[in-house]
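In the order they appear, the protein sequences are chains A and B. With the numbering used here, letter number 67 in the first sequence gets 69, and the count goes up by one each step, no holes. With the numbering used here, letter number 85 in the second sequence gets 127, and the count goes up by one each step, no holes.
Heads up, some of the hints might be wrong.
As the list claims (entries may be wrong) - Here are the simulated lysine-lysine pairs, DSS-like style, with alpha carbons at most 30 Å apart:
hint, chain 1, residue 1, chain 2, residue 2
1, A, K43, B, K84
2, B, K147, B, K112
3, B, K112, A, K66
4, B, K109, B, K147
5, A, K66, B, K109
6, A, K44, B, K150
By construction, these hints were calculated from the structure, which means they are not laboratory data.
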Amino acid sequence: GAVVSQHPSRVICKSGTSVKIECRSLDFQATTMFWYRQFPKKSLMLMATSNEGSKATYEQGVEKDKFLINHASLTLSTLTVTSAHPEDSSFYICSASAQQGVGYGYTFGSGTRLTVV
Amino acid sequence: QKEVEQDPGPLSVPEGAIVSLNCTYSNSAFQYFMWYRQYSRKGPELLMYTYSSGNKEDGRFTAQVDKSSKYISLFIRDSQPSDSATYLCAMSRSGAGSYQLTFGKGTKLSVIP
């Protein structure tokens, strides 16, 4: 089946630094990838839709300049949290689909636990 | 009113019990209905999906969708300790915007040996 690899699984960084999270589709090409954020006991919140070769589409309330998304190839999307602060600490998850436009065919990465100290 | 409501639990059952997990929703445009299982500190894993109303069975899991009541369910028969996880319902529309999933908060399930 489709596999999405997300790296790193856990990162601790100092306040003010930037952190890059990678999301790779290992055995399929993904023109669209999605980035979610999950707080404890809360549902997954879609942050942005990453489109290969074009700008990402951000959800309302998500700061574009803080959460930089790059989708340089059909198998790789990156999320960079810039000038991280403790309130950015969260669980970030990416997902991708080999089937464009179909709501159910999504594979999720294993997530990245970000802790900003 | 939130688009998708899901009782967060926690739900604790003995091994072998039948588990019923539910979600309600308010957006009648939802056509695809999914259940994901998420183990601690891992990404969600798709368990089942259903298009429109009806039932779908896969091994010990049965998904039901009642669009007239805007209510979906996941049943787990002969529950096992390995089923202990958080279960998330998710939904999407058909056509434009169908790629956007709306999730419930998730129900944390513990199956006690």
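Okay, the hints, checked on the actual structure:
no.: 1; hint: K43(A) - K84(B); verdict: holds, 14 Å
no.: 2; hint: K147(B) - K112(B); verdict: holds, 17 Å
no.: 3; hint: K112(B) - K66(A); verdict: violated, 34 Å
no.: 4; hint: K109(B) - K147(B); verdict: holds, 20 Å
no.: 5; hint: K66(A) - K109(B); verdict: violated, 36 Å
no.: 6; hint: K44(A) - K150(B); verdict: holds, 11 Å
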